[in-house]
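Colleague: Based on the provided sequences and hints, a complete structural model is requested.
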Amino acid sequence: VKSISWLKCLSSFPTVPSTSQITFSRAISSTSISFEWSNVTGADSYILFVEKLFSSPLEQFNWTFTALSGQIEGLAPSTTYNCYLYSSNSAGRGAKSNTKTIMTLTVTDSDPVKAPVIRNTSATSMDISNLEPCSSYTMGVSSVNVFLVPGEPYNISYSTSIPCAPTNVSVSVDCSHDSARFNWTASIGVVFYITVAEDADGNIHSCNSMGTNCLVEGLRCGQKYNASIIGTNLNCNSTASEGVTFTTGMSTNHQPTGVYTTTLEEANGARLTCTSNTVNNCNITSLPCGRKYNVTVTYNDGTCSSSSTQIRMDSVPADNYTTKISRAVGQPLHCNSTDMQCTAEGLVCGSSYVVNVFSITGTCISLPMPCPPTNVTAPCSPLNVSSRLICSTNTAQVSWAASANAATYTVTAGSEGQTITCNSPSTNCTLSNLVCGRYPLYFYTKKQFSNSHFISSFSVPCAPANISTNLLCGTNDLVVNWSSSSVPLNYSVKVVALAGNISSLTCDTKHANCSLSGLQCGQTYNVSVKASSKSCSGPYNDGNEIRTTIFSFASQGATSYTARVTGPHGFSKTCSSSNLTCFVSDLQCASQYNVTVTAQDGHCTSSTTHTVISTGGDYNILQLFS
-7 VKSISWLKCL SSFPTVPSTS QITFSRAISS TSISFEWSNV TGADSYILFV
43 EKLFSSPLEQ FNWTFTALSG QIEGLAPSTT YNCYLYSSNS AGRGAKSNTK
93 TIMTLTVTDS DPVKAPVIRN TSATSMDISN LEPCSSYTMG VSSVNVFLVP
143 GEPYNISYST SIPCAPTNVS VSVDCSHDSA RFNWTASIGV VFYITVAEDA
193 DGNIHSCNSM GTNCLVEGLR CGQKYNASII GTNLNCNSTA SEGVTFTTGM
243 STNHQPTGVY TTTLEEANGA RLTCTSNTVN NCNITSLPCG RKYNVTVTYN
293 DGTCSSSSTQ IRMDSVPADN YTTKISRAVG QPLHCNSTDM QCTAEGLVCG
343 SSYVVNVFSI TGTCISLPMP CPPTNVTAPC SPLNVSSRLI CSTNTAQVSW
393 AASANAATYT VTAGSEGQTI TCNSPSTNCT LSNLVCGRYP LYFYTKKQFS
443 NSHFISSFSV PCAPANISTN LLCGTNDLVV NWSSSSVPLN YSVKVVALAG
493 NISSLTCDTK HANCSLSGLQ CGQTYNVSVK ASSKSCSGPY NDGNEIRTTI
543 FSFASQGATS YTARVTGPHG FSKTCSSSNL TCFVSDLQCA SQYNVTVTAQ
593 DGHCTSSTTH TVISTGGDYN ILQLFS
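Counting in the numbering used here, the sequence shown runs from -7 upward without gaps.
Any given hint could turn out to be false.
[As the list claims (entries may be wrong)] With a Cα cut of at most 30 Å, we get these calculated DSSO-like pairs of lysine-lysine: (1) K486 <-> K526; (2) K284 <-> K316; (3) K92 <-> K44; (4) K486 <-> K522; (5) K522 <-> K502.
[To be verified] Per label pair, the in silico range of CB-to-CB distance: (6) V427 <-> H326: 49 to 55 Å; (7) S524 <-> V488: 16 to 22 Å; (8) T516 <-> P417: 54 to 60 Å; (9) N273 <-> I180: 56 to 62 Å; (10) N275 <-> G203: 44 to 50 Å; (11) S329 <-> C363: 17 to 23 Å; (12) I180 <-> A259: 50 to 56 Å.
Since the hints were made in silico from the structure, they are not lab data. We treat Cβ as the ideally placed atom computed from N, Cα and C, and that holds for glycine.
Modeller: This is how it looks when you write it as structure tokens:
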């Protein structure tokens, strides 16, 4: 404290404020009322009283507000309250306001599924729309008093009608004998439709549709059916539509009046056919040997055609097959099958194989295939893969040993959504524009249409994340923490003062934390961390700012000050200020007082500064400042 100034005592006596009136009140729920009131000059607060009407003993509540509106909770449902207000200041309460009487609301139904639909009107009639069909409703009418409380309702019951039946029903029989398609006109209030077809033996077939048509399948050929359609809204069904009658197509084994066609089809689509209109067979001559066919018989009467169930047949069938797979060196591989394919394992990558297939019937074996095909297996995966990071150019050089029969190589690396690719006909390539992160490497070796892959990886250090700082106020020591990497890395912490004339501090560690000492008091520092591996150093993070402990009164970095004055007869008072001045009153004249001052910056508190002062004759207000 550098000096003292004082003022003579002056006294003033405030008066109580004038009356405030409630300007708005409304029950907003069964337990809550909202209020607004008029502003009064000189009032520091407003006291709201709520009394339960006709309660014995009287139930009274009060709330104090400093604003011009408020909401009170915890009241009883459907209860009437008298409400009034007092304005208030240090001199006391003003006069009582006028009384407002208000009733809380009635508790509503808590079941949203069965919640009633409520409509208000000042007329003597009302239209209610969007009622569900085939449903029963209870409708009640109540009058409402001035407090918005409804009276006893007068109730009636009302039932809505069922959906209308579909109209304009038509049916068309597909040329396939086992199905029929129905069409109709939609009906209001219907969610979906059910079509039912019944034959003379009582067998029923049906289909469902949310549209205006559906297909009934699985019908018996050559049968007469009666059909109708009903609509449903999921609550009830309509009456059945007008019935329709139809007959399905004839089967292929009925009394012939048309043409039969037999078709033999190979897997490659090649076909052989024969026809007959007088007998139940036909002949196909000169079948190729060793073929497999799908056989179908179709009957056509000039209007519709129907097909038989498909069967399979062989021409001069083989009992089984053997496949010989051989290359220039080593023993050949074999696989056997009764079908027209087999699987051989144990092939060597990057090799050429000659494939021969023989058919076997009984004890006989066919001749080998003329001009057997040669197949090349996929190239082998690259070996001895290595990668070298070049941090200065953000690139990685990847190299590997050559693979047999590989024409080109593709290297792909990906990290957090970024994909980098390089192609090379030789045994190395360079990946560019790398960012920090772990890069899995995918190798593709290509020869004609085959490929194989091998997976490796490398990492580029990222700036550490989730950096936190903990400043120890008493010693100005700093502890820095961050999230560790999944791979071993070295970390460097750099602490730089924003004031340029103060030395920076650093520390190096393999762990996810570091402690630094020697920070100067009252200074702001930028703290940043970077990670590095054996081959590459990552970037520093954006940095966190910290402020060290302030040192003394009026020191750099202080945001507030607190002074404590103690003296004779147990006198003790405290004053606070954001600048270098505060006032302490009620001092005794010609007395000695102890003054202590501390400074704060929102995080730490400085050490205490102490001094002794003496008051003069007729003054009892002390001004402290530096």
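Colleague: Hint check: K522 vs K502, CA-CA at most 30 Å. Holds or violated?
Modeller: 11 Å, holds
Colleague: Starting from the hint 16 to 22 Å, judge whether the C-beta atoms of S524 and V488 obey it.
Modeller: With Cβ atoms ~19 Å apart, the hint holds.
Colleague: Kindly confirm whether 50 to 56 Å is satisfied by the beta carbon distance between I180 and A259.
Modeller: Hint holds: Cβ distance 53 Å, inside 50 to 56 Å.
Colleague: Please work out if K486 and K526 have their alpha carbons no farther apart than 30 Å.
Modeller: At roughly 20 Å apart (the allowed maximum being 30 Å), K526 and K486 satisfy the hint.
Colleague: Do the alpha carbons of K92 and K44 lie within 30 Å of each other, as the hint requires?
Modeller: 12 Å, holds
Colleague: So if I understand the rule, the pair passes when the alpha-carbon distance is 30 Å or less; does K486 with K522 pass?
Modeller: 9 Å, holds
Colleague: Given the hint that K284 pairs with K316, test it: the Cα-Cα distance must not exceed 30 Å.
Modeller: 22 Å, holds
Colleague: Using the Cβ atoms, figure out if S329 sits within 17 to 23 Å of C363.
Modeller: 22 Å, holds
Colleague: 56 to 62 Å was suggested as the range; check whether the CB atoms of N273 and I180 agree with it.
Modeller: 58 Å, holds
Colleague: Verify the CB-CB distance for V427 and H326 against the hinted window 49 to 55 Å.
Modeller: 53 Å, holds
Colleague: Honestly, do N275 and G203 meet the 44 to 50 Å range at C-beta?
Modeller: 49 Å, holds
Colleague: When you take the CB atoms of T516 and P417, is the distance between them in 54 to 60 Å?
Modeller: 58 Å, holds
Of the numbered hints listed earlier, not one is contradicted by the structure.
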